[in-house]
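2 protein chains.
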Amino acid sequence: MYQVTFTFENQDPVVVTAAPDASLLEVARNANVAIDAPCSGNGSCGKCRVKLIAGELDSPRTGHISEEEYADGWRLSCGSKILSDVTVLVPDIASAYQSRMKTADLSSGEEIATFERLQQAIQDAGVAFRNDFVTQTVTMDAPTLDDTMPDNERLTWAIQAQMGVETVELPYFVMKKLAAVLRAADFSVQVVGERKGDHLKVYDVTAEDAPVCAMAVDIGTTTVAAVLVDLFTGKLLAKASSGNGQIRYGADVINRIVEQGKAGGVKRLQDAVVKETLRPILAGLCASAKIKASRIFRVCVASNTTMNHLLLGVDAAPVRMEPYIPSFFHVHGLKAADIGLAVNPSADLRIAPNIGSYVGGDITAGTFATLLWNKEEFSLFVDLGTNGEIVFGNQDFMMSCACSAGPAFEGGDISCGMRATDGAIEAVTIDVDTMEPAYKIVGDEGQQPVGLCGSGIIDLISELFRCGIINAKGLFVREGSRVAHDHHGTGRYILATPAESATGREIALTEVDIDSFVRAKGAIYSAIDTLLSSLDMDASVLEHVYVAGGIGSGINMKNAINIGMFPAVELEKYEYVGNSSLAGAYAMVLSDDANEKVEDIARNMTYVELSTHVGYMDNFVAACFLPHTDAARFPDSVQER
Amino acid sequence: MYQVTFTFENQDPVVVTAAPDASLLEVARNANVAIDAPCSGNGSCGKCRVKLIAGELDSPRTGHISEEEYADGWRLSCGSKILSDVTVLVPDIASAYQSRMKTADLSSGEEIATFERLQQAIQDAGVAFRNDFVTQTVTMDAPTLDDTMPDNERLTWAIQAQMGVETVELPYFVMKKLAAVLRAADFSVQVVGERKGDHLKVYDVTAEDAPVCAMAVDIGTTTVAAVLVDLFTGKLLAKASSGNGQIRYGADVINRIVEQGKAGGVKRLQDAVVKETLRPILAGLCASAKIKASRIFRVCVASNTTMNHLLLGVDAAPVRMEPYIPSFFHVHGLKAADIGLAVNPSADLRIAPNIGSYVGGDITAGTFATLLWNKEEFSLFVDLGTNGEIVFGNQDFMMSCACSAGPAFEGGDISCGMRATDGAIEAVTIDVDTMEPAYKIVGDEGQQPVGLCGSGIIDLISELFRCGIINAKGLFVREGSRVAHDHHGTGRYILATPAESATGREIALTEVDIDSFVRAKGAIYSAIDTLLSSLDMDASVLEHVYVAGGIGSGINMKNAINIGMFPAVELEKYEYVGNSSLAGAYAMVLSDDANEKVEDIARNMTYVELSTHVGYMDNFVAACFLPHTDAARFPDSVQER
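Read top to bottom, the protein sequences are chains D and Y. The first sequence begins at 1 in our numbering and counts up one residue at a time. The second sequence begins at 1001 in our numbering and counts up one residue at a time.
Among these hints, one or two may not hold up.
Part of the chain Y face toward chain D, derived, beta carbon under 10 Å [claimed, not checked]: (1) Asp1252; (2) Asp1315; (3) Ile1325; (4) Asn1354; (5) Glu1500.
Honestly, the hints are just simulated from the structure, not real lab data. Virtual Cβ for every residue (Gly too), placed ideally from N, Cα, C.
Just chain D, same shape as in the assembly:
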């Protein structure tokens, strides 16, 4: 056995033993060392680079590592076999994983404004933000030798009299602590319950008064975002987000399903999201709002079909094997405690319902939040995640489909891609004559660029095309100081030289990156196209286009249309709705009306399976150009040189 030492820039080393020839990435995973590996270790993404400090690895150089970098010790951990005791440096800023762990949901004023605008619109549409939770201080006489009623009956009678209900149901954990709580509180306690007609289902009985809260969570394949809310007022008490801890098992749902199919995998993937992701988020929310986790009385999760299967520890293997059958669309009667979330033991766990193997609760919750279901006119809803999902319809009908866009919109599959966090270039313009870039960077003034986030990539490709630097196939066709080619002849645009970047590494967009992104935007556009044409419609029917996803509020819709990602409809019809999944989950956790409406949406939405849909493949191929093989669809998309 060899000794493997993982060192870091900002944390203590981790030392483990490993068998000869073991994969460095596997060893890191087993040691819970976070190394980004969105392609799940098949060598294609190039993100898992580490720097060899001492010892020997069998690790051939790939296209992801330059000769200079290789000489400097950089290796891909997925392709590295351990040949001796080794010490490696896991880079901090260079690893997108660390960035992914600090995500942007509701962290900016713009995101919060978007969120609050949606909630207001939902209420304006007549959805009552009410639930059956009640809380009251209930006071009893202390027992005496002449009044020997037991604690349970004493409390029950007092609740009946003071809260005006006929029947009362106490949970077991309350029964266990009842004697102590009543006596600690001198027989005056706070009761929290859910009232249905004349029945009170008690959730908790406590000696002290405290807030009554709920948690809404969006579990994305890549990132997880959550809010803590007051169940009575709906006030946002705290917000938190992080990367999905499952990411070390692969960037997309297919890789995750493969991993969970291995021995012990269901438990391992569930642990990765519950223990490693939700528990820290929960702790952060509680610390931030200064409440105990036991004050969270309901949890709602919106997530894609695979994510909610893995969250519940339900085998997702059949989802990816013909005929692609999930275990459930709707699932009820769950407790948060069932999956090991240490909130109040009585807390229910609401799961936003799925409607297909690849259209999940994040989309039903998001569709609810857009109010698409409440309008006479036709709307399109596009959620740009690791998977892209499309919903089209109005108050009378809804259809949806999913396409595999890959992680490009969140900066994955792109050599210098990253999420919209500090250091991300989120907007770019290029001078058509000098080809010099100007850009806007997320973060404080003086922040140097680290990489490109989704909105920045759209801008950059759009500008490269407008300036005639790349052609419709995404190949470089102009020369200049910002354009370079490697020894294979692959062109790239240098957005920041090593001297200009925060990392000391060049920030550039290559033809390979452009190709990845064009495939992603082509998948989205052709999915929209296929859905509309299946109804003999086209984009001209659209009155609203809602765009959601982690791509960020900075998305430039004009540029997105210019590159043929979205249909060419009037810009004012576009609306960025941010994390619509979280917005829907927030409404669902607070409002029983909203919850029912989301269930209705799921029942009434038709799922179109694109992979078996005649014509989709042709549409996709046609969309993998800038802006499209049928340029007439994008009359405003022009090349100025």
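Assemble chain Y onto chain D, guided by the hints.
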């Protein structure tokens, strides 16, 4: 630290370390070595004797150990401090604990006949032995690319169509295994559920068909008895019983409450009954009936108030502290899994309701089983356990009270007492002239006597009194070869000499034993007396007297009246009802009608607290004679010499 070695006649030694001066009994308890200590280690019962083989104990001789025995190494473990490495022998047959561990419930044909007679009478009285459990094989089409309904929805629809229900509720654990079960069963599964109107609450879905069972349990302070039944037919599939593993924490409920009040005590006492007692019983039942524990879909427990608090891990301390308040009389909504019983995860746990601090679910269940609540004429129900409980009433009203009889009826507090198992003398006659005894022994022919069980003690005292060997105060007043006195002058009757007994120790009843028993019978009689006289009634109103408890079917009612234990009513009015608590629990687990009736009985029964009742103490003192200070109450009780 010293090394303590516990050796046994029939099992491997247990070796532990102990601090100097540690109590040998405490060391044994911590090592899970079973030593009987009904008095919880205060030196009064003399049952915890062990034989010192090597080493040194600080252990003064008490009245429980003769000088010869002391010289031979016998010590009381509760009074022994460890002064060196020691080796002790824990006796097998001499320890009543081992006997208590093999109890007699439903082990004899007579007990089973009694049980079945009660169940028949309950059904004859119009209680429907029905529940809402249903089971059916449900068959689905396997999914295809053209039929991609998820597993949950597929099963739900099939249940709706094939079982004729509108709504279906699946538990989480079924959701987790659903994909595997449906595929293992080729989409034809057994569904077990509870049907309420148009709603089916699914309990389990399995690939194979298997029986649908329930478990009924009587948890006594001393012994635990259980039956496994078929939920549809009511057939007894298996029966099992054992001592209550809590017994090492004291013989009566007061000692148990004291023990559970110590740090970690609630968990320790719960573990003693759940892990050490119910789990082996459950395993035995399942092995005997050849079913998996997951086929048990409902559990019902009848037990006294302290026992059901300790079972649920609910602090019982307030029960014994003024003003004596239990946590609950009724408790609902429990799952068997809540207390760690590994039956089906969906299985509910029904707890027979309590009606007072010292009248618990065993009495409400037992009262139900006697049908006292269903008769116009007045009945008395007496349950002879470690506590004695009395119920009086008819279809219009019921009253109850409890008295502390101590463990005398089960052989505790009596030097040669034991339960009605192999070797127990269960019936005795004495020749009035020769004073020679004749007795009947439980067990195979040729079985030598080990001790006296409750019915044997009643017979013996009645016979000693009839033959004028003892007087009304229980003191020896005749001389003869069977009568002896120790050096304090304390008389005893020698039932078996060392040569005649199975243990090589004399079997005798001493004046101290007689005094203990007379106090126990006095407590019972005076409780009956107090209850009746509080209504200005006397025993002449009684049409039925139901006697229940572990005292055994061999109880001679005539002798029990002769010694003034029961009121002098016609013998044919007496009926031995065996373990009425278990009989009631059996009905409750099978029949929703029975369950409701027991809840009604608990709500309608009045509890009389004897300890604060004016006149009870006088009645008790008056009853502590043979047969009573007011001999006119027992006209048939005569002394023939």
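Query - Violating hint indices (sorted, rising) - result: 1, 5
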